[in-house]
Amino acid sequence: MSDPGSAGILFESLERRFGDTVAVSVSRLDIPARTVLALIGPSGCGKSTLLRLAAGLLEPNAGTVTIGGVRMEPSSRRSLRLRMGYVIQEGGLFPHLTARDNVTLVARDLGWAPARITSRVTELGELARLRPEMLDRYPQEISGGQRQRVALMRALMLDPEVLLMDEPLAALDPMIRSGLQQELRDVFERLKKTVLFVTHDMGEAAYVAQEIVIMRDGRMLQRGTLDQLTRAPADPFVTEFIRAQRFLHAPETS
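In the working numbering, the protein residues as written are 96 to 349.
Note that these hints are calculated values from the structure, not bench results. Check each hint, because a few of them may be wrong.
As the list claims (entries may be wrong) - Simulated DEER-style distance windows between Cβ atoms:
(1) 139 with 233: 14 to 22 Å
(2) 329 with 295: 18 to 26 Å
(3) 305 with 177: 20 to 28 Å
The structure presented is a predicted model; accordingly, all values stated were derived computationally and were not measured. Glycine included, each C-beta is placed from N, C-alpha and C at the ideal position.
Model the full assembly from the supplied sequences, consistent with the hints where possible.
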């Protein structure tokens with residue numbers, strides 16, 4: 096049984112094909128509640144597809160996705176999505192809405208009282224370190240780092256149990272990215288959510304996540320910490336992939 100207010104993720108006998116191509120084939124991946132797990136691997140390895148299967152944006156050809164003990168099915172998809180926050184590369188904000196309206200869109204659709212919305216936005220703005228005046232601007236009027244903060248606020252608006260993040264920092268310049276990596280790790284430690292984090296950057300994966308899963312050709316090659324992956328690789332590709340990374344050390348902490 097998961098902890099109150101949290102939910103784990105379980106993939107079992109999971110397969111997703113696109114035509115004759117097997118994009119994902121995972122026998123079992125269990126992410127306990129309140130765990131931060133990073134998915135990493137070369138382009139086309141299936142990590143983003145796995146994330147979309149978790150979000151219910153794709154249906155598996157075989158196998159199951161279970162969130163907090165509830166299987167992802169057409170009848171449960173909407174209720175499970177309300178238990179998740181989803182952040183994609185460059186934020187995916189609606190350009191015709193202000194930052195504030197992006198953050199509050201689903202809460203307003205669900206009929207939240209204005210006072211409750213205002214209180215939650217204030218709380219999240221402090222958490223994401225975003226100045227209140229930024230929320231009245233449109234996405235094109237704020238920086239890339241600020242857009243990612245808004246996207247994080249939107250994902251957290253309903254206080255979800257699960258966070259799904261698909262390369263949320265990939266498009267940012269190195270200085271902004273380094274700062275946001277530290278902020279994300281602080282947020283994860285403070286909120287104790289279950290987080291599935293997709294990245295191409297091994298240093299980022301090691302810094303923000305408790306465990307790393309290396310994928311190739313839709314399959315899991317190995318799961319563990321960076322130290323475990325480096326010291327005891329389960330496949331020659333694991334060593335090759337790690338060596339190919341230009342930056343293995345995580346950002347320094349103060």
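Each hint, compared with the structure:
Judged by the Cβ atoms, the range 14 to 22 Å given for residue 139 and residue 233 is violated: they are separated by roughly 34 Å. Checking the proposed 18 to 26 Å range against residue 329 and residue 295 shows it holds: the Cβ atoms sit about 20 Å from each other. Hint check: residue 305 to residue 177, Cβ distance near 25 Å, so the stated range 20 to 28 Å holds.
Checked against the numbered hints above, the structure violates only hint 1.
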